[in-house]
Each structure stands twice: as structure tokens, then as C-alpha cells.
Amino acid sequence: MFDGLIDLINSPHWGNTLPFIRRGLALTLYITFVGVFFGFIIGALAGFARLSKNKIIYGVATVYIELIRGTPILVQALFLYFAISQSFGINFQAVTAGIIAIAVNAGAYIAEIVRGGVESIDKGQKEAGRSIGLSSSQTMRYIIWPQAFKRMIPPLGNQFIISLKDTSIFAIISVGEVTFLLRQYVSSTAVTFEPYVMLSLAYLVITIPAMLILRAIERRLDV
Amino acid sequence: MFDGLIDLINSPHWGNTLPFIRRGLALTLYITFVGVFFGFIIGALAGFARLSKNKIIYGVATVYIELIRGTPILVQALFLYFAISQSFGINFQAVTAGIIAIAVNAGAYIAEIVRGGVESIDKGQKEAGRSIGLSSSQTMRYIIWPQAFKRMIPPLGNQFIISLKDTSIFAIISVGEVTFLLRQYVSSTAVTFEPYVMLSLAYLVITIPAMLILRAIERRLDV
Amino acid sequence: ACGDDEVTVATDTNYVPFEFMNTETGEMEGFDIDLIYEIADRVGFEINLEVVEFDGILAGMETGRYDIGIAGMTITEDRAKVFDFSDPYYDAGLVLAVRADEEEIQSIDDVDGRPVATRAATTSEDYLVENTDAEVRLFPDIVNAYQDLIAGRVDAVIYDVPNVLYYIETEALGEMKTVGDLLTGEQYGIAFPADSELRAQVNEALAEMKEDGTYGDIYEKWFGERP
Amino acid sequence: MIKVTDLHKSFGDLEVLKGINAEVQEKEVVCVIGPSGSGKSTFLRCINRLEDITSGEVVIDGESLTDPKLNINKLRSQVGMVFQHFNLFPHKTVRENITLGPIKVKDMNQEEANKLATQLLEKVGLSDKADVYPASLSGGQKQRVAIARALAMSPKVMLFDEPTSALDPELVGDVLEVMKDLAKEGMTMIVVTHEMGFAREMGDRVIFMDEGKIMEEGTPSEIFDNPQNPRTQTFLSKVL
Amino acid sequence: MIKVTDLHKSFGDLEVLKGINAEVQEKEVVCVIGPSGSGKSTFLRCINRLEDITSGEVVIDGESLTDPKLNINKLRSQVGMVFQHFNLFPHKTVRENITLGPIKVKDMNQEEANKLATQLLEKVGLSDKADVYPASLSGGQKQRVAIARALAMSPKVMLFDEPTSALDPELVGDVLEVMKDLAKEGMTMIVVTHEMGFAREMGDRVIFMDEGKIMEEGTPSEIFDNPQNPRTQTFLSKVL
Ligand SMILES: Nc1ncnc2c1ncn2[C@@H]1O[C@H](COP(=O)(O)OP(=O)(O)OP(=O)(O)O)[C@@H](O)[C@H]1O
Ligand SMILES: Nc1ncnc2c1ncn2[C@@H]1O[C@H](COP(=O)(O)OP(=O)(O)OP(=O)(O)O)[C@@H](O)[C@H]1O
Ligand SMILES: NC(=O)CC[C@H](N)C(=O)O
Ligand SMILES: [Mg+2]
Ligand SMILES: [Mg+2]
Chain A
1 MFDGLIDLIN SPHWGNTLPF IRRGLALTLY ITFVGVFFGF IIGALAGFAR LSKNKIIYGV
61 ATVYIELIRG TPILVQALFL YFAISQSFGI NFQAVTAGII AIAVNAGAYI AEIVRGGVES
121 IDKGQKEAGR SIGLSSSQTM RYIIWPQAFK RMIPPLGNQF IISLKDTSIF AIISVGEVTF
181 LLRQYVSSTA VTFEPYVMLS LAYLVITIPA MLILRAIERR LDV
Chain B
1 MFDGLIDLIN SPHWGNTLPF IRRGLALTLY ITFVGVFFGF IIGALAGFAR LSKNKIIYGV
61 ATVYIELIRG TPILVQALFL YFAISQSFGI NFQAVTAGII AIAVNAGAYI AEIVRGGVES
121 IDKGQKEAGR SIGLSSSQTM RYIIWPQAFK RMIPPLGNQF IISLKDTSIF AIISVGEVTF
181 LLRQYVSSTA VTFEPYVMLS LAYLVITIPA MLILRAIERR LDV
Chain C
1 ACGDDEVTVA TDTNYVPFEF MNTETGEMEG FDIDLIYEIA DRVGFEINLE VVEFDGILAG
61 METGRYDIGI AGMTITEDRA KVFDFSDPYY DAGLVLAVRA DEEEIQSIDD VDGRPVATRA
121 ATTSEDYLVE NTDAEVRLFP DIVNAYQDLI AGRVDAVIYD VPNVLYYIET EALGEMKTVG
181 DLLTGEQYGI AFPADSELRA QVNEALAEMK EDGTYGDIYE KWFGERP
Chain D
1 MIKVTDLHKS FGDLEVLKGI NAEVQEKEVV CVIGPSGSGK STFLRCINRL EDITSGEVVI
61 DGESLTDPKL NINKLRSQVG MVFQHFNLFP HKTVRENITL GPIKVKDMNQ EEANKLATQL
121 LEKVGLSDKA DVYPASLSGG QKQRVAIARA LAMSPKVMLF DEPTSALDPE LVGDVLEVMK
181 DLAKEGMTMI VVTHEMGFAR EMGDRVIFMD EGKIMEEGTP SEIFDNPQNP RTQTFLSKVL
Chain E
1 MIKVTDLHKS FGDLEVLKGI NAEVQEKEVV CVIGPSGSGK STFLRCINRL EDITSGEVVI
61 DGESLTDPKL NINKLRSQVG MVFQHFNLFP HKTVRENITL GPIKVKDMNQ EEANKLATQL
121 LEKVGLSDKA DVYPASLSGG QKQRVAIARA LAMSPKVMLF DEPTSALDPE LVGDVLEVMK
181 DLAKEGMTMI VVTHEMGFAR EMGDRVIFMD EGKIMEEGTP SEIFDNPQNP RTQTFLSKVL
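Protein sequence lines correspond, in order, to chains A, B, C, D and E. Residue numbers for the first sequence follow our numbering, so the first one is 1 and each next one is one higher. Residue numbers for the second sequence follow our numbering, so the first one is 1 and each next one is one higher. Residue numbers for the third sequence follow our numbering, so the first one is 1 and each next one is one higher. Residue numbers for the fourth sequence follow our numbering, so the first one is 1 and each next one is one higher. Residue numbers for the fifth sequence follow our numbering, so the first one is 1 and each next one is one higher.
Worth flagging that the hints you see were computed from the coordinates, not collected in a lab. Please note that the accuracy of each hint is not assured.
[To be verified] Only some residues are given here: those of chain B computed to face chain C with a beta carbon under 8 Å:
{"#": "1", "residue": "85"}
{"#": "2", "residue": "91"}
{"#": "3", "residue": "94"}
{"#": "4", "residue": "96"}
{"#": "5", "residue": "183"}
{"#": "6", "residue": "184"}
{"#": "7", "residue": "186"}
{"#": "8", "residue": "209"}
The beta-carbon is built from N, C-alpha and C at its ideal position, and this holds for glycine as well.
So that you can see chain A by itself, here it is in the shape it has in the complex (with noise of 0.2 Å):
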């Protein structure tokens, strides 16, 4: 038992998966940006389609969010690399496909965050804007808006996590994301323990400190 863990603790894997889970995380953390980055031009779209008096517009938007919603982003992504490109001959890379499915998939969220943010602004604060004048696009502009985003940032950051942690099923679709290669690095060593560990602590090296950073703004815009 005790020999065990003094064998554990001198294992060389913990040293050895440094190098993968440094280039994996890399790969991982661009997936997220860039996926996240787009998602939000999508979500906010969506979002304000959300919130349109136009039915085709809302009915459109609502379909897509609650397709997304709807199903696990691993179907999403299945579908997206394989049925897609068999059906239509649009051959995504894998990174690229990544990239997308977190955008879609994050895209339909963040367009409920959005649409949520600008409906959490009190009514009275439109009908102040209305009523100096402004109209109502100024009024989103200006009054809305400013207030509707600053509310946005802890559930866009919350967003952010699950799409990080949703990159690791990109393993299937050969994505060289962190848990393919340490899964790669497990099958070739046969040893599940230590790659494990460090897989698990490569995601909470990023977001522990990411719910903390989000739970200290949320308390800052309470007050």
C-alpha cells in the first residue's frame, strides 16, 4: 500500500503526459475561442431573433435553438463530420468541424443568455428612453444594451466552461484536442492513472480559476 503510492508518486507518466497535455490543451483552448468567438455573433442573432415580433424570424430562431438544445453536442458533431459530408460533399477538417459544432452548439445558449439579458432590463428603462425621444433601436443601443451585456457576462462565461469541457468529445471525430492525445497516450502505454489525473487537472487548471474570476464579477455587479 504505502510502497504502492511511493511507486506512484515517482511515476515517470506524470512527467511524460506534460508535453500532450500541453500541446492538447493549446489545440483545446483554440477550438473554445474561436468556437465560443462565433457562437456569440450566432447567439446574439438568434437571441434577437428571439425577441422579434416577425414569426418567421422568432419561428426560424426557435427552431435552431431547440434542435440544438435539444440533442448532445456528440450527435451534433457526428452528424456535422460525417452525415453532413456524405450528404451534401462539404468536407469539413476536423479542427474546423470542432469549430463549428461548439459555435452552433454554444451559438443556440448564448442566444437564450442574450435573449434573457435584454429581458432582465426592468421595462421602466425602456419607457424612460422611449419617453425622452429616443427611438427604439437608440433606445436598445444606448439604455438597453449596455445594462442587458454587463448581466450577460457571467452566463457567457459560464457558456465558455461547458464548451471547453464539451471540445473533449471532439476525441471521436479525431480532433487532437487534450483528451484524444492523452487517451492516444494511454493506449500506448496502457497505463490509465496518471494520464487521467493529469487530464482532469489540465481542465481545472483553466476553469477553477474561470468560475472563480466569474463568481467575483457576478458578486461585483450584485452590489
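Fit chains B, C, D and E with the ligands to the supplied structure of chain A, relying on the hints for placement.
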């Protein structure tokens, strides 16, 4: 183009995947229900621990919650099934491992739902309870919890949907849930489009009604 | 495809000794890898290597996502219906593996009703389903099946003989053994989407390599003997 | 100045205003009183079209609110509105709250707008608060900034919807003071209020509303000292 | 009945009560007035230990609140508290709101508790509301239920924290009426209020608090007609 569409509609694969959908979805639902059930027990305990003034209880719960929320469920499943079994000789069967993974994972999120639900109840409720002479635990039981639980229903339902989607990754530990079976179908028939459409529908058939019900409940609670 | 065209080659995440990641360098290596790079040299294309789980390679070949698939892939009738194979380049077969201290399972006839693991979407899965009444456990990664065997969660693994032998030798000496005869004879081929122009060129290069001994050199490097 | 003719307003099936007829002269101060839910706020909100009008007509300074060619933004900028809950813009300083309208709607330049803000803040007694954010103001101060913000658009008429009812009692006085000054300067005002003292002192006319109708109107002394309508009598007996 | 000696209360660094000395006799009605933030609520909350006491002593009917052997739940059940925002239990009917305390704390049986509830609802004029949920009551009705709920524990003293300040003006009267009845029956009461009319009419004594201290106390006519302390004067000039 048009011919292709007719071919697609007449494709035998729509029907052929059905038995797999049925069988896989049954396992998916079974794992989800049992997993979330135990997740609720874990989550309630951890949630109250997070409300505790005892530093150790609070600390243990916090570490558990943050570790789980900071890592992908895929990594947790790999860890549970491979690393733990190899290192400690605890051998879960795949389905058991899946249930445990869902329970442990959902438990961390449910803990925050429980804590949030309890904290969302106006402080005045507690004060009113205490001021008529109820003890602290009576106040929790008769005043706070019934109100908090009602508010927890929508986020709990939401967690159920998330956990349902999370089961899709259990192929990696050889659980024959619906995504796994349909991937099998794809690799043995060389057809991708129809099976993946059916797979998406399989999830939507559960998640869309669930989301609608939740929204209805939420609306009723709001009033 | 000619000149310096980039060709997307799908290979398996882990199938020793045909393809696997060298944990020192982080690069993929193995018999298949050496072979395809040599072929690429001769035919004259650049390789864009995509490392995919085995069922993903099949799905990708079927959908035309990849130009070439090389993954110790057995040539089967079913697969040949949807995509094309090169001439065979390696002879293999399936074999049953059990724990080193296993006494009850002596051959494939003893696995009925017992949990037996293999890899999803492979010929081993087909064999198990068609020829036994075993309780089949499928993993995307074959190493996980071996680990389940050693952990005692399954009683046997059935898989391609070179991989089983190589794994026993490098990772599981004294923990695993093979029992019974070779269950099937199989031949590996390189996969191409239907009607690929590359196929003829690759076949030509392959024949050349067998001719001039390059193939034998690579074979010896990975299997310790010449074909 | 303002003429309301047979104004009806429904929310879905609920008819909230059931035919209002009223006229407000220039420089007149009209106070509207009545029980909760009687439609006082809705009446005010119809006057600057924060609510669409179901039927009837509202004419402000010759312009009909139901005219499809009406530039609604321009009209609103001429009708100042002060809300019960102030509705200051929390992400803007006091000065920015005041200058936003003039700059964006009237194309005033920054400098001029700032000068205007300084003047108005002086008027409401908050010269030293130009650069703070609303969060650091007391309720009474917030409401005075809201009045300054509305005045910045040089409105022809000011609408007040219970401007003091969200304030702590000891902060009410300052706001009423500012409103009295405005009235004395000749601003046309419609004030929904529970402050009977203010209505009596400053109102040229008092309107009593109940259940979406004007039940009685008259000078403050007519209404307060000698109400004719039994509903008015009950209401006043409760609040006075 | 109640004796408060040199009561101090701090929240972190903020000292909210800076040495309060006060005594309340049986059947006495004491009204507490003072500006917002002066510590009136905190004072009340210390009396039934909803807030822990930082230093000093509060003795109720011979029992010291700081006595470690004190059964705090029993004590609280003898001190009724009525909150500004009612704090009714929204998931329980009016009757259940009233019977919960007697059943759970005093081990009364259901039948007896129901009878008690019926009596109390009659007393506060809400006999017909026993089976509705609080959400369907008006503010004034809610507050009367809250009073009934507190009375159900047969408290020795009742604390009221601005019981009418969240109410629409025309609903205030009913609540004050119930409180007056209570006072007439001889209930010992401490009432934090902005209703100067009530304080003048019903208060045996009025306490003026500012900045965590009692600045002045005396009979209503002493305080209202002839305040000695300049702070009291300023405050009264604003609210009267
Ligand atoms: N946007 C809305 N949708 C539906 N009903 C509304 C809306 N706004 C107001 N009402 C209803 O119209 C009626 C009159 O409301 P209004 O706010 O005009 O009354 P009020 O006299 O201002 O009352 P208070 O003194 O409480 O402010 C109420 O029954 C209210 O519920
Ligand atoms: N739980 C708390 N934590 C920190 N500060 C508090 C807390 N409760 C009250 N305070 C502070 O204590 C001071 C006195 O508050 P208190 O509520 O007793 O005043 P009050 O006289 O009742 O005022 P009001 O008339 O507004 O109700 C205020 O400055 C308040 O911000
Ligand atoms: N890479 C592999 O695992 C190949 C397995 C087996 N030879 C098959 O083709 O099915
Ligand atoms: Mg109103
Ligand atoms: Mg208070």
C-alpha cells in the same frame, strides 16, 4: 436532386434503425433516471453541506462540486471506469459505471440547484418562521424547503435533460445506449444520414416535450 | 491525384504495431505508417494524416471524407461493396485471448454466455455476433478491452492476432495468454472511396516495394522477421 | 394644450380606461387622484403613447396621437414623463442621464448639453452630483435627477406618475419643492399623486378617477371640501 | 416587562445601535420613530433575538436574552413580530399560516388550532378568507393575517416593524384599526411607524431614534408638540 430526395424518403434505413433506437433509448432512459435519482440524493446532501457553517463539511462539498463541474463528464467516466478500477481494483460493470458517472456528475450540479433554491427563499420567511417559535430545522422543513423545492423543479428538470444528453458519451465505456447503437449501425451499413437523423429525433422525442413541460411549470410558478 | 497534391489519410488511433502514438515524440508510427509514407513518396503526394477511431475510419471511407484509409483493415465483402481496397498487404486472422490463469476457457467453444470484449465495428465484432452466444462488450479502443479482461470484467477478448501478440509481449506478459487456434484467416488492405484514381497508383507502388525489398525491410522492422 | 376625447384602452379583455374626456390648458396643473388600479397610470401613459390607444383621440398642441403620420419620437420628446420608480439609467452618470436625450434626439453638441445639465442640476438642487452614478443617490435625489432629465428636452407638458410614493417620508418634501417651482414657472403639468397636500396647494384642478372613468373633477376645494360623488367621498375619507 | 440596558449591535465594522436604554411596562404602547437607517428595525429585531446582541442586555418578563440557558424558540413564541412585508407563508392557506405555530411549537391539536384561527380571523375581520392562499389577499389583508398569526402564539408582547408602510394609502386604515383594538385590549406593544397619527393617538410613549441612539422620548404630545432635541425638530418638520 429530386430523385435523390425520393430515394432518401424511401430509404429502408429509417425503419431499420427503429429497433436499435428503441433498445438504445430504453437503456439511455434507464441510466438517466436511476443516475439522476441518486444524483438528487447526493446533490441534496452536498447542497445542504454548502449551506453549513461547519468549515469541514462545507469544504468537502465544495471540493467535490468544483472538481466535477470543472472537468468533462467524458473524463470523469474514463477515470471512473478505467483509472479507478485499475488502481484500486474496484470493478463496476459498464452500466453501473454509467449510472455512477451520471449520479456523481449530476449530484454536483444539483447541489448548486439545492443551495440556490434554499437561498432564493426570502430571508423574511425564515424570520417569520423563527419569530413564531419554530426551531431552525422546523423552519427549514415546514417553511423553506417546500417553497425551495418548488423553485428547484425547473432547474432539476433541466439537469435531467443535460444528464440524458450526457449519456451519449458512454460508448467510450462500452455502454450500449442509443448513440452507441446507432454508431454501430452506421459503421456496419455504411449509411450515415438516416441513422444520425433518427438518433437526433430519438433525443428530441424526449427532450422537446420535457422542455415544454418545464417551461409550462416555470410559467405557473412565476405567477 | 498526382504531383504534390495533399491527400487525407485516415489511420487508427491505436492498433499496435500497425499504428500508434510514440509517447516520446508524440508522433504516429507503425507498420502502416511507414508503408503509407513510402507509398506517398513513390506515387508523389503529401500526406495529411487524420487519426480517427476505427469506426470513424469506416464511416469516413463510406462518406468519401478521406482519400485513403490505412488501419490494418480487413478486406471484407461488405466493406468492399461500399468502398474499394488495394491489393492485400498483410495476412492476419483472429485469435482468442484470456487471463493468464484462466482454465475454463480453452477455445472459442467455451465462451457462450460469458462476457467477451472486442473493438466496435471490427471483424471481431462480426465474428462474435455470428459465431458465438457470448455476451458482447464493445469498446472504441481495443486497449480498453484488454484492460477489462485483466480487471476481470470480461472473461475473454477476441481480436486480430498480431495486435494480441504484440500487446501481450509489450504490456501484459504473464497477465494474458492466447488459447485455441487461429479463428479466421484475414487479409489487410488499404481503403479508398469507390472509384478512386489513387488505387491503381498505390497498388503499383505496393507491388514495386514488394519487388525491391522495401516492403520486406519495413515488415522486418515491425515484426522481427521477413515475410 | 391637451385634449382627450372618449379615450378607451384595453389590455386584452380587460378594459382599463372606459371613455375619458379631459382637457388641460397651457400652464395648468392638473392633479389626478383615485384608488389603486383605477387607471391613473394608464391614462398618463396613453398621453405620451407609451401605451397604444384602443379608441378615442388625444390631441397635444394640435397634433393627434392617432395620426399615422405622427413622428412619435418627436412627440415624446415634447412630453416629459417622471416615473414612480425614477427609471434613471444606472450605467450613466447623472450628467449623462440628462444629456443623452438632447444629444441623441435633438443633436445638441456635447458642450451645450453639459451646460444645460449644469443649469438643470442647479435648478433641482443637485449641482454637486453631476458625476456620480444614480446608485449612490437617495430616492429623493434620484427623482429630482429624473425631473431634470425630462426638463432637458424642453417639454411642453410634464407628466408625473406618483413621483413621491416610492420615497421615504422625509425625502418627499424636496421633490415636491422642485415640482412647486416648476408649477410656478408656468409648466403645464399632469400629476398622479397620493399627496393630497400637494394637490390642494398646487393643483388648479383635481380629477378623481375610479374604475377607468373620471368620476368627478373640480378645483381642489370643491373636491376635497365638498365632494359630490359618493365614491370620491369614500376614497377621501380613507386617505385624508 | 421589557428592559433594555446599554444595547449595542454591530454588523461587522458598522455599529448600528450605540447603547440603547429603554423600558416598556406591561400594557404600554411604545411608538418608535426616526429617520431611515437610524436602527429602528435592528432595535426591534434584537428584542426577539432575530439579531444576536453584540453587547448589553435585554430582559423580557424576567428572562435575559443573553442567558446561554435560554430556550430561544420558547422566548420567540412569546414575542409576536409583525413585519413590514408581512412575510406570510405563501405555500400555506391563511388558516395554516395561523395554526402552524400553535401546532408545531405548542403541540396544540389540529381541531383546537383551527378554532383558534377562526377566532383570530374574526378579530381581524377576515373570517371569510380562512381557506385562500396569501397571494389572493390585498396588502392590508395580508398584514391583518400576519397579526393574527402572531397573536396565535398568545404573545406577551407584540413588535410591529412599520406594519403599514408597504400598503396602499387606502388600505392602511384597516390595519391601524386592528392595532388600535389590540392596544385597547391591553396588549404590550412596540411599534416602529411612520404613521404619526397613530403614534399620537395610541402611543403611551414615543421614542425618537437617530443614528443608533435614542435621542428623545416622552408622551406623544411632548414629542410632537414640543420637541426638545433639534434632530427631532428637523425630522418632525419634514414628516408632519
Ligand atoms: N401592461 C398591462 N397589461 C395588463 N394589464 C395592465 C397593464 N398595465 C396595467 N394593467 C391593469 O390595468 C389596471 C389599471 O392599472 P393602472 O396602473 O393604470 O392603475 P393605477 O390607477 O395607476 O394604480 P396604482 O395606484 O396602483 O398605480 C389594473 O387593473 C392593472 O392590473
Ligand atoms: N444584516 C445587516 N447587515 C449589515 N448592515 C445592516 C444589516 N441590517 C441593517 N443594517 C444596517 O444597519 C443600519 C440600520 O438599519 P435598520 O434597518 O435598523 O434601520 P431603520 O431605522 O429600520 O431604517 P428604515 O426606516 O429604512 O427601515 C442601516 O445602515 C443598515 O444598512
Ligand atoms: N484497426 C483495427 O482495429 C482493425 C481491426 C480488424 N482488422 C478489422 O478490419 O475489422
Ligand atoms: Mg399607477
Ligand atoms: Mg426598518
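Hints, one by one, checked against the model:
no.	hint	in the structure
1	85	5 Å, holds
2	91	5 Å, holds
3	94	7 Å, holds
4	96	10 Å, violated
5	183	6 Å, holds
6	184	6 Å, holds
7	186	5 Å, holds
8	209	30 Å, violated
When the structure is compared with the earlier hints, violations turn up for hints 4 and 8 and for no others.
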